[in-house]
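Asks: Sequences listed follow chains D and L, in order. When you read off a place in the first sequence, starting at 1, and then add 19, the result is the number in our numbering. When you read off a place in the second sequence, starting at 1, and then add 389, the result is the number in our numbering.
Worth flagging that the hints you see were computed from the coordinates, not collected in a lab. Each residue gets a CB set at the ideal place from its N, CA and C atoms; glycine is no exception. You may find that some hints are simply not true.
[Claimed, not checked] Chain D side only, calculated, beta carbon under 8 angstroms to chain L, not exhaustive:
id, residue
1, E92
2, A95
3, T96
4, H123
5, A187
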Amino acid sequence: MTLLSLQAVTRRFGGLVAVDAVDLDVAEGGVTAVIGPNGAGKTTLFNLVSGFQTPDSGRILFAGEDITARPPEAIATAGIVRTFQLVQLFQNLSVLENIKVGCHLHTQGGLWSALLRTRRTRREEQEVEARARELLQFVGLEAAPETEASALAYGQQRLLEIARSLAARPRLLLLDEPAAGLSADETKRLSGAIRAIAGRGTTVLLIEHDMKLVMNTADTIAVLDFGRKIAEGPPAMVRESPPVIAAYLGVGHA
Amino acid sequence: MTNLPAITSRDPLRRGFVALPWAVACGMLTYAFIAGGYFVTVMSFAMIYAVFVIGLNIFMGTAGQVSFGHNAFAALSGYTSAVLTATYYWEPIAAFAAGLALALLVALVVGWPTLRLKGHYLAMATLAIGLIVYEIATQWQSVTQGYMGISGISPLAFWGYEIVSERGKLFALVLIVLLASLAAARLRASRFGRALAAIAGSEDAARALGIDVAHYKLAAFLVSAAYAALAGSLFVHVVEFVSPEVFGLHMVVLAFTMLYVGGIGTLGGPILGAVIVSLLPEMFRGFKDYQDLFYGAGLIILLIYAPKGLAALSDLLPRKGRA
Ligand SMILES: Nc1ncnc2c1ncn2[C@@H]1O[C@H](COP(=O)(O)OP(=O)(O)OP(=O)(O)O)[C@@H](O)[C@H]1O
Ligand SMILES: [Mg+2]
Chain D
20 MTLLSLQAVT
30 RRFGGLVAVD
40 AVDLDVAEGG
50 VTAVIGPNGA
60 GKTTLFNLVS
70 GFQTPDSGRI
80 LFAGEDITAR
90 PPEAIATAGI
100 VRTFQLVQLF
110 QNLSVLENIK
120 VGCHLHTQGG
130 LWSALLRTRR
140 TRREEQEVEA
150 RARELLQFVG
160 LEAAPETEAS
170 ALAYGQQRLL
180 EIARSLAARP
190 RLLLLDEPAA
200 GLSADETKRL
210 SGAIRAIAGR
220 GTTVLLIEHD
230 MKLVMNTADT
240 IAVLDFGRKI
250 AEGPPAMVRE
260 SPPVIAAYLG
270 VGHA
Chain L
390 MTNLPAITSR
400 DPLRRGFVAL
410 PWAVACGMLT
420 YAFIAGGYFV
430 TVMSFAMIYA
440 VFVIGLNIFM
450 GTAGQVSFGH
460 NAFAALSGYT
470 SAVLTATYYW
480 EPIAAFAAGL
490 ALALLVALVV
500 GWPTLRLKGH
510 YLAMATLAIG
520 LIVYEIATQW
530 QSVTQGYMGI
540 SGISPLAFWG
550 YEIVSERGKL
560 FALVLIVLLA
570 SLAAARLRAS
580 RFGRALAAIA
590 GSEDAARALG
600 IDVAHYKLAA
610 FLVSAAYAAL
620 AGSLFVHVVE
630 FVSPEVFGLH
640 MVVLAFTMLY
650 VGGIGTLGGP
660 ILGAVIVSLL
670 PEMFRGFKDY
680 QDLFYGAGLI
690 ILLIYAPKGL
700 AALSDLLPRK
710 GRA
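In isolation and in its complexed conformation, chain D is listed as follows (with noise of 0.2 angstroms):
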């Protein structure tokens, strides 16, 4: 079943086409690589599915539901949830409340039950707190719960983003070039991380530059070049497909 549907989807910057009439089916569970050369489109197309940017023209399909130029959080509601290519941890708190936070779309205290700490909040607040360990626990980073986020190294920021990303429960997950300031240790547990994903049912959407980490977990690839899609299939046939070669060398363009 296709989860998620992309059809003619465009994005203008100016004269620049970041995105040009994509068409893009995701089905549901396994793993989607998107890659393509620096500039290809591939993040502004991160940005259009999870609704910090709305397209030009075209139309994003989410579990057949038309979610095309919702807001953020709204579209996190429906179930997309994304990290970003710099990291955006919530610097100011600790590594176990960044995922907490991840917690919010399956929590329901407000403001009332925050002051009167109702049997029920009080509740919830095991369940958050059960399940932000669970999570610490799923991307090895257990051993420091009360660290601040910002004390972290860079590999492990990037972990933690896919944490509190997984805590919102996802359908759909959208990484935006994951590996990316990992090393090569990091690299192959992130690999795991992201087969263990999908194998718990959440469709996986990836951006990666790292070819070895794309064709591991991969089960399809999309090819952007200068905002068009111009490849789509299984990794072995991605790889021998001409205009790939022919964008990776550089070979047509100036």
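Based on the hints, put chain L with the ligands in the right spot on chain D.
Replies: Positioned in the frame of chain D, the structure of chain L with the ligands alone reads:
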């Protein structure tokens, strides 16, 4: 991983540093109760300001927003309390309820449109509302009696029980500050407070996780306006007098000083800041003509050596496990 600075600390020396400003604050309060007289008044002002600053800290410290105009909400509620009790003989509690409602209504009207915009629109709008309310207080003489102010306001009273002694007032104020602080602590430790802190950390990340940023900013604004309204009403009942100057720009400057000296974004900071900053002019009173100079110098030294405020004094110690 074990070398990373933890947010909580079990190190005894560090704890001592955390406890030091608290010891001073509690010592001063105790001294006020024992000594009585003028010192009780100073501490009562400090407690009223503490309520105001605890609220401001929710909006500025936790949610990371800026407001220069919370004095407006104190003024709206304070004047409502004053007029309704002095002119119309309302019960203080009922008058406060009316003042609170008015303050929240104005906060909603100011906050609703401006909090949706990015940038400094809110800060500018709050500055404007502070000035507008001040103008109204001076010009609407038939109700506010202009610069002369309103006297004969009924004393602090709870359900018919009037508190007349200065010590009694201070005791009631200390209780109110503790309750206000407890409420702030509960908010901060909740889903609601985490959402505010998340907004301060990264609005984009907050939105990506489904947090309605505009909604929570408005909620934080209203909560802090409610604290300001409470402080305003408390003031007029404790002093039994109100004039426009009471809630002028001076109030904003003083509250900001207390917030930063005490430690913005910390739970105890507002109380510490309110007590210590209220004491500073008293400490330098002996210097007569140079009082303001010493007061200013004292503040600067505090902010240089404790940039995160008194509540974060322990950060100044060298950390264990770091070279
Ligand atoms: N907000 C913006 N305003 C103007 N131009 C933009 C904006 N965002 C992106 N662009 C341009 O659109 C094009 C696509 O950018 P985008 O960030 O989507 O590329 P990318 O594929 O993610 O690249 P990278 O691999 O370097 O992250 C680039 O030429 C970029 O300069
Ligand atoms: Mg990018």
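Asks: Can the hint on D:T96 be confirmed by a CB-to-CB distance to chain L that is less than 8 angstroms?
Replies: 5 angstroms, holds
Asks: Holds or violated: D:H123 as interface residue toward chain L, Cβ cutoff 8 angstroms?
Replies: 6 angstroms, holds
Asks: For the hint on D:A187, just tell me whether its beta-carbon gets within less than 8 angstroms of chain L.
Replies: 5 angstroms, holds
Asks: D:E92 was flagged as interface toward chain L. Is the shortest Cβ-Cβ separation under 8 angstroms?
Replies: Holds: closest Cβ of chain L sits about 5 angstroms from D:E92, inside 8 angstroms.
Asks: Regarding the hint that D:A95 lies at the interface with chain L, is the smallest CB-CB distance below 8 angstroms?
Replies: Since the shortest Cβ distance to chain L is 4 angstroms, the answer is holds.
Figure legend: structure checked against the earlier numbered hints; every hint is met.
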